[in-house]
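Asks: Sequence:
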Amino acid sequence: MQTAPPPEALLQILAQLLAELHPEAASRLEITLDSRLDRDLGLDSLARMELLARLEKAFAVRLPEKVLTTAETPRDVLRHLVSAAPEEIAGVQRRPVDFGSPEQAAAAVHSAATLVEVLEQHVRVHPNAGHILLLQGEEERLVSYGELREKAREVAALLQSLSLEPGDTVAIMLPTDVDYFFCFFGVLYAGLVPVPLYPPARPSQIEEHLRRHRKILANAGAKILITVPEVQTVALLLKTQVPVLEQVLTVEELYRHGKTCFALPQSGQATAFLQYTSGSTGDPKGVILSHANLLANIRAMGQVCGVTSADVFVSWLPLYHDMGLIGAWLGSLYHGCRLVVMPPLSFIARPERWLRAIDRYRGTLSASPNFGYELCCSRLDDELLEGLDLSSWRMAFNGAEPVIPSTLRRFEERFGRCGYQSSATAPVYGLAESSVGLAFPPPGRGARIEQITRDVFLASGTAAPDIHPQGKVIEFVSCGRPLPGHQVRIVDEQERELPDRQEGRLQFKGPSSTSGYYRNPVQTKGLFHGSWLDSGDLAYIAEGEVYITSRVKDIVIRGGRNVYPHELEEA
769 MQTAPPPEAL LQILAQLLAE LHPEAASRLE ITLDSRLDRD LGLDSLARME
819 LLARLEKAFA VRLPEKVLTT AETPRDVLRH LVSAAPEEIA GVQRRPVDFG
869 SPEQAAAAVH SAATLVEVLE QHVRVHPNAG HILLLQGEEE RLVSYGELRE
919 KAREVAALLQ SLSLEPGDTV AIMLPTDVDY FFCFFGVLYA GLVPVPLYPP
969 ARPSQIEEHL RRHRKILANA GAKILITVPE VQTVALLLKT QVPVLEQVLT
1019 VEELYRHGKT CFALPQSGQA TAFLQYTSGS TGDPKGVILS HANLLANIRA
1069 MGQVCGVTSA DVFVSWLPLY HDMGLIGAWL GSLYHGCRLV VMPPLSFIAR
1119 PERWLRAIDR YRGTLSASPN FGYELCCSRL DDELLEGLDL SSWRMAFNGA
1169 EPVIPSTLRR FEERFGRCGY QSSATAPVYG LAESSVGLAF PPPGRGARIE
1219 QITRDVFLAS GTAAPDIHPQ GKVIEFVSCG RPLPGHQVRI VDEQERELPD
1269 RQEGRLQFKG PSSTSGYYRN PVQTKGLFHG SWLDSGDLAY IAEGEVYITS
1319 RVKDIVIRGG RNVYPHELEE A
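In this note's numbering, the protein residues as written are 769 to 1339.
Source of the hints: derived by calculation from the structure; they are not laboratory data. Even glycine gets a Cβ: it sits at the ideal position worked out from N, Cα and C. Don't take each hint at face value.
To be verified - Cβ-Cβ distance ranges computed for the label pairs, FRET-style:
1. Glu908 - Arg807: 29 to 39 Å
2. Val1224 - Pro997: 42 to 52 Å
3. Glu906 - Val1224: 35 to 45 Å
4. Pro791 - Arg1147: 19 to 29 Å
5. Pro934 - Asp1150: 21 to 31 Å
6. Ser1035 - Gln1009: 30 to 40 Å
7. Arg807 - Gly1304: 26 to 36 Å
8. Pro934 - Ser1159: 43 to 53 Å
9. Ser1035 - His790: 33 to 43 Å
Construct the entire structure; sequences and hints are all you get.
Replies: In structure tokens form, the structure reads like this:
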């Protein structure tokens, strides 16, 4: 048993981190071994990850990932440090996984009208082919198309035995695991509508977490909540806050009866699932997405990106978010790609796992918000990159939050020596109201970054390319062109369409567009402007390509001039 590190050293590292994160407040904080990491010190998941990384480096140990979710105080962290194993740098291991020999199912899937039909077509063509490879730490769990269908039908059978009507909503609050996939499709097979919700990050926060979700559950009218066993301990409290909720079920209860369902036929216009974009404050907005919306979006993205069944999509993105659910999983399902997926916590705890998975399984497609690429640039020591080969990665999607030009450059420079090709960089734009994707660049081009004359842009909104190398510039990244069959326009406050290179509100329409927000007519009315939908984003168009400049509500106006959030983040 190793010698315990002195508590003073732990508190000193923690104080230094807080001084960097909250320089003004840190001096007023009293940091003790019994301070609450979240409530007293304000450490979120990313900050906890940084603390874990610093402690591992300082004491040359490897801490278990559960520290991120279970430790409530520095004293808890200290206990983990006492029992931590000495650090070992694991080299990259390249071992192909036998996914089976899938045949091309593109022709059959192309005629599918619903997600259930997509899965059924794959099961008919190659039921035993590997579809999902779930990574849990160092363990692998392979799921075939046939197993996904079989387990989903077991879930559906129990749901069909309950007092539910076709089209009723079922909330799913589960972590990234095989059960999430089975339950999502089980709800679909039962003729019901899934409502993905993010699971509680820490056991101690379950009650607070559920209070934040009660508005969503009530708005969705969810009669059933499928979740982890820990939530059942507060199920009675939850039911009093959400009267429509009838049962809180765990996945073990769904499989217990061992029966299979009869699949209820659905049309392409039926609601596939509800994607909630907010709800912790104000009125929750549940984006209604039909099967037709989703399949139109998946087909258009696949067309632009040249996706085939030979691709391998590697993802750590959460499955309750449209980018991870639709872009990574359902897109892979449709095109017959292999999906290699890990829980978000695996990435947050050790960002190198994402890159190693791309190397090991020869990933060709992967996606992350900008912060994920930034973590890889700033948090990984050189020894962790030894032997890493990213040459198989052909499209590295960057979306879901502002794309920072400096991050793109740093990532390309840092990982170019690992075989990463700058031509793979693919900033994209999308939103839940358009399923997930709206604008994509062509494969193999790399990032297109414009340097705009700052003073002209801030004064008039005109994106004039800078012609003076020494002038003050502001940079914006192209997200490519609208997907095939989709349209984008830029308008002023009076809804007049603006010319190229003039900033305004971005509006869109197309087959991926939602029909509105579930049971929320006020927000739905504000979303639609005739046949166009308002994105809530500011942008300009140049040579047919979309450049996002900011969220409308995120603009800071100081001294009569706009200050852009991504500039503040960079500073």
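Asks: Name the hints, by number, that the structure is in violation of.
Replies: Per hint list: 2, 3, 5 and 9 violated.
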